[in-house]
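**Student:** Protein sequences appear in the order of chains A and B.
The first sequence begins at 1 in this note's numbering and counts up by one.
The second sequence begins at 1001 in this note's numbering and counts up by one.
Take every hint as true, because none was put in to throw you off.
Cβ-Cβ distance ranges computed for the label pairs, FRET-style:
| hint | chain 1 | residue 1 | chain 2 | residue 2 | range |
| --- | --- | --- | --- | --- | --- |
| 1 | A | 603 | B | 1249 | 58 to 64 Å |
| 2 | A | 281 | B | 1233 | 39 to 45 Å |
| 3 | A | 104 | B | 1068 | 51 to 57 Å |
| 4 | B | 1061 | A | 664 | 42 to 48 Å |
| 5 | A | 50 | B | 1021 | 54 to 60 Å |
| 6 | B | 1257 | A | 77 | 47 to 53 Å |
| 7 | B | 1075 | A | 232 | 28 to 34 Å |
These are calculated hints, taken from the structure and not from any lab test.
Cβ coordinates follow ideal geometry from the N, Cα and C atoms, glycine included.
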Amino acid sequence: MTGAALLGRLGWQSLAFVRAWQDPSLNTLIAAGAAALVVIGAVAVVALITLRGQWRRLWREWFTSLDHKKIGIMYVALSFVMLARALAEAVLMRLQQATAINAPGVVDAEHFAQLFSTHGTIMIFFMAMPFLTGLINYVLPLQIGARDVSFPLLNAISLWLTAAAAGLMMASLVVGRFSTGGWSGYPPFTETGFSPGVGPDYWIWAVTLGSIGSTLTGLNFATTIYKKRCTGMTVMRMPLFVWTSLCTSILMIFSMPALTVATALLALDRYLGFHFFTNALGGNMMNYANLFWLFGHPEVYVLILPAFGIYSEVVSTFSTKELYGYASLAIATIAIAVLSFTVWVHHFFTMGQSANINAVFGIATMAIGVPTGVKIYNWIWTMFRGEVRFTVPLLYALAFMMTFVLGGLTGIILAFPPLDYLVHNTLFLVAHFHNMLIPGLLYGLLAGYHYWFPKAFGFRLDERWGRVSFACWVVGFYLAFMPLYVLGAAGMARRSSEVLEPAFRPWLLVAGAGALVLAAALAALFVQLWVSVRHRRANVVPAGDPWDGRALEWSVSAPPPEYNFAVLPHVAGRDPFHDAKRKGTAYAEPVRYAPIEMPRNSAVGPILGALGGWAAFALVWQIWWLAAATVIGMIATVIARSFVRDVERTIPAETVARIERDWHETLARSAPTTRDFETTAINRGLAQVLA
Amino acid sequence: MNRAARSLTTLVALAPLGGCAALKLGVMNAAGPVAQAQWDLYTTVAIVLIFVGGPVLVLVPIIAWHYRRANTESAFRPDWNFAWPLELLIWIPPTAIVVGLGIVLWQSAHRLDPYRAIALSRSPVIVQAVALDWKWLFIYPDAHIATINRLPVPAGHPVRIELTSGTVMQSLLVPQLAGQVYAMAGMRTQLNFAASRPGVYRGENTQYNGEGFARQKFDVVALPPADYQRWVRRMQHQARPFDAAAYAALFERATIPAPVMYSAVPDGLFGRIVDRSRLPAAQAQR
Ligand code: HEM
Ligand SMILES: [Cu+2]
Chain A
1 MTGAALLGRL GWQSLAFVRA WQDPSLNTLI AAGAAALVVI GAVAVVALIT LRGQWRRLWR
61 EWFTSLDHKK IGIMYVALSF VMLARALAEA VLMRLQQATA INAPGVVDAE HFAQLFSTHG
121 TIMIFFMAMP FLTGLINYVL PLQIGARDVS FPLLNAISLW LTAAAAGLMM ASLVVGRFST
181 GGWSGYPPFT ETGFSPGVGP DYWIWAVTLG SIGSTLTGLN FATTIYKKRC TGMTVMRMPL
241 FVWTSLCTSI LMIFSMPALT VATALLALDR YLGFHFFTNA LGGNMMNYAN LFWLFGHPEV
301 YVLILPAFGI YSEVVSTFST KELYGYASLA IATIAIAVLS FTVWVHHFFT MGQSANINAV
361 FGIATMAIGV PTGVKIYNWI WTMFRGEVRF TVPLLYALAF MMTFVLGGLT GIILAFPPLD
421 YLVHNTLFLV AHFHNMLIPG LLYGLLAGYH YWFPKAFGFR LDERWGRVSF ACWVVGFYLA
481 FMPLYVLGAA GMARRSSEVL EPAFRPWLLV AGAGALVLAA ALAALFVQLW VSVRHRRANV
541 VPAGDPWDGR ALEWSVSAPP PEYNFAVLPH VAGRDPFHDA KRKGTAYAEP VRYAPIEMPR
601 NSAVGPILGA LGGWAAFALV WQIWWLAAAT VIGMIATVIA RSFVRDVERT IPAETVARIE
661 RDWHETLARS APTTRDFETT AINRGLAQVL A
Chain B
1001 MNRAARSLTT LVALAPLGGC AALKLGVMNA AGPVAQAQWD LYTTVAIVLI FVGGPVLVLV
1061 PIIAWHYRRA NTESAFRPDW NFAWPLELLI WIPPTAIVVG LGIVLWQSAH RLDPYRAIAL
1121 SRSPVIVQAV ALDWKWLFIY PDAHIATINR LPVPAGHPVR IELTSGTVMQ SLLVPQLAGQ
1181 VYAMAGMRTQ LNFAASRPGV YRGENTQYNG EGFARQKFDV VALPPADYQR WVRRMQHQAR
1241 PFDAAAYAAL FERATIPAPV MYSAVPDGLF GRIVDRSRLP AAQAQR
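Looking at chain B on its own, in the form it has when it is part of the complex:
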């Protein structure tokens, strides 16, 4: 009995722990200014929502139980069907809350617009992300390097990602750093964020795009700026040059087992991929 009770207690105590492990991967454990602001917004909205949902959650069981048929003490007015004070009470406060939340919404939608550059004193890093089946290509145009399924960034610097797709529509999400934006063929979208501390953050495609979808994950690796610079230089010298074969391999529908790095990435690769899907299939192979 005692042992059973104890193991039950451990189980009950461990269950939320297991849960916390999951939540650590999400926005609750924000690692950058955008995700942090989103989390703050989330808690603000959640607090307001307690007052929106609370009355219903309290009133439904109380009223249903109090006015149960078996309770002969409660009032019974079968013809009562309207009261102006109640009516105003159920229309006006909810409207007022929506107006209030609407103002918050308007401001937050602009403040946290994914296109809005992050206001940090350090220089921004520009990355071009290409959604592929079933992997992500990240091009660093200034350094002429590229990676597949790994996105190293310098911590504390703003990051601007420009997105497109080399295939169907996809969506890039790094829950601990920022929300998602779609990547669509022939079009460019943008996502701005920053990592405030070094660490490894999970990124993924959230828009179903075929068999390899569940494995289309990547790590955002936020490095201290000096380490980041070292990494860039190392890649420029050591990574495989990006050649025609590498380009062709991008469009194979396959998952890749481990991240890949490229050097000598030609100028205009991103633009070429954007244009590629505007052309008929035959010309697009170039």
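Only chain A is shown next, with the shape it has when bound in the complex:
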């Protein structure tokens, strides 16, 4: 066999290290350094696990687990790793623009283009999506009183496909180069005629794997919500987070396929010489723009709605009060979800279509502002006449409301086609969408992380470091992004690796400083985790209800048992656990325990993920034998799995009884805490209830 048949397009030149060796410059050294970080990081993790002899345990208890809680935790862990990388890239981009003002800067133009492409792609597909999917995974079954999602194996498969796609993103740092076409991958720039390398192929396959995973996740969550709610939980009694998860899932189901089709057609163009989006032979990139944004705009709400749900939970819990206007929050959520499919053209007002079309889509865009604004007022009226406790999650909620509204205002500006003509594709747009996504997504997910962490791990996160990190996220955001509005209004194009205008310097310097503060925010988050794990004994909340919570997830121990609920709950209202505590019926021990059936572990998830990842890698490098082998392997795995009949495992009643009795003993031993001490070591997770 010749080398090309064996290794496709792979060669020594593909390695970042070789390129840095042959042509040492700051630019190639930064690339090699990043590649080295990936390699060293991977080797260190493998070595650590091997030295500690943890492979077997990890495989048995985590990788092959179908437990929605473990899958959720793995999703969130993945998203933190990817957040670290994407944020590092953001800081590098800010550094570049602050220094490359009529000067060379630190990286070259092509490298800079890879940075914004990977940053955007990772933040959306491999930071935000896994993070929110992880939180929904963890919380959703607990909130609806179920033991798992509807399709536990599918859940694991989604996780491992996403992880494989994230792995592919990491591989692109070491072997080859990534796309320079941005997170939206617009052709014809990403066609072979203009981007002959492997970059766009990395992008196509990473995004395709990720979008398939997300479609499956959406189906899984929606089915779970339709089918697995406990007795008494009518639709209008679902916690708000379940509502937003439902709408997000529906949006995933309907929008993700548009992306899969867009990337698939682009792949046909690139691999088989089709002409869907090329300049020649009847191709037309406008079709791509429509397909991409038919996915892209609903995607924005896929990202933001779960955070809205989190804020609803957080604001209500930490205001010690029922949510104001439950029905209007639910209606607003549905309205947003429906309207989100009617506005995609606002991403290309400048494509030359008629004023009528632009005006219709502009007005539809503004219309979404109404239900969104309603939600914000609902949270304000929830605090009204409450008792607001300024814990870290609530602080994020407040910062979100104050900051998100600014992004909403600039969004209305962008909805006016004549104003969009001026600031489209400039840093104004970059400022706008970060102004929506950082408060509306990242703050929300971080609020959820702080809120539910004690539930998942049985101990609270350190409050002080949480505040430090919060302060840095907020200050850093304003410093890093407010200057971009000015620069955009002054006409500075986005994605610029160089700046020819010295007047932009002061603003770029402030934005650069802001990026450093944001990096400090992430560092503080990691320090917080470290400190909290070290001091976990002082902060344990085994009773399971550290915040005087309202929904069902707080009615079980922390961490919850594998089966979630020894006896499936019945609910009769919107805040079932809150009401039960007030009525004195919470924590009732059942007369007897029954055996519980749970899904058996399965290696299918990790196997499909590994094969899928290698298939994607093989397609990127055109190693056809490997692509064929891995795809056949995937099909074979699925067929083999369908013959497995023994997929359930029974937890005997005695085991359930033992676990539950232990917990009830803990409950009996715990002293109830008033809200004044909830962030101190006194809090053991049993809330004092004032009737």
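Chain A is fixed; fit chain B with the ligands onto it per the hints.
**Tutor:** Frame of chain A; chain B with the ligands shown alone:
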């Protein structure tokens, strides 16, 4: 102490100045009727938006602070969860504002449609712009001249630019004069504007198109009409004739260090470039 204070004051005073220098390059410093109308629209919308965002910005901190747990004076009604008057207050006024803004939007989208010719008494100048890697070609079909990376126009005359791309999609923006429109291969789009006073205005491509992107800038030079006519005549006589080599050079992926001028530009060059990308690569070389 005194000196430190003084230098701090200077710094604080200078920071906005530096900022103003940046904003002078944008629509705030509009130099033509289109950009001026856009800026007016911008200020109108911004004023309305104060009333949209203001209540949230005021209410969130006040309510959160007033109803803080430590404040034992404030009312506490943990079961209160709805009130029709509030509900109407949060649905109806925002809807009304959106309806109002929607009317403004509809009208402005038509009034400031980039395809709409500028109503000025003087005769329009027609320019055909071709987006290239990583430069702009401007063809003046009536004068049979062309320029790369410089767009002289007569001040006070309407300018109609017809756009296409000889390569990937790009977007032409001159912030002080008008908004942007995409240039796409095989298609024609249009942008109308005018410069009301002589001056030099920065123009650029805002759609990423490869390594030379950040340098793909050009100047719009608005000249007094008489000077403009002189410039056209001078170009017709002195500039390099546009030949086959010049045509081939257009499609090289490169930035160019300084603007270039051509004379003797053949009829139909723009149409030829539009058609070029409809053909398979082999025939397109013609
Ligand atoms: C946390 C701090 C963050 C910083 C400092 C940051 C910074 C940046 C910078 C400098 C750019 C390039 C701007 C340009 O084109 O000139 C960018 C682009 C982008 N960012 Fe972020 N970002 C952050 C967070 C996020 C988050 C949370 C998301 C989404 C969830 C996100 C999504 C994007 C996207 C989609 C792009 C566009 C990429 C493209 O041009 O294709 N960013 N960001
Ligand atoms: Cu959108």
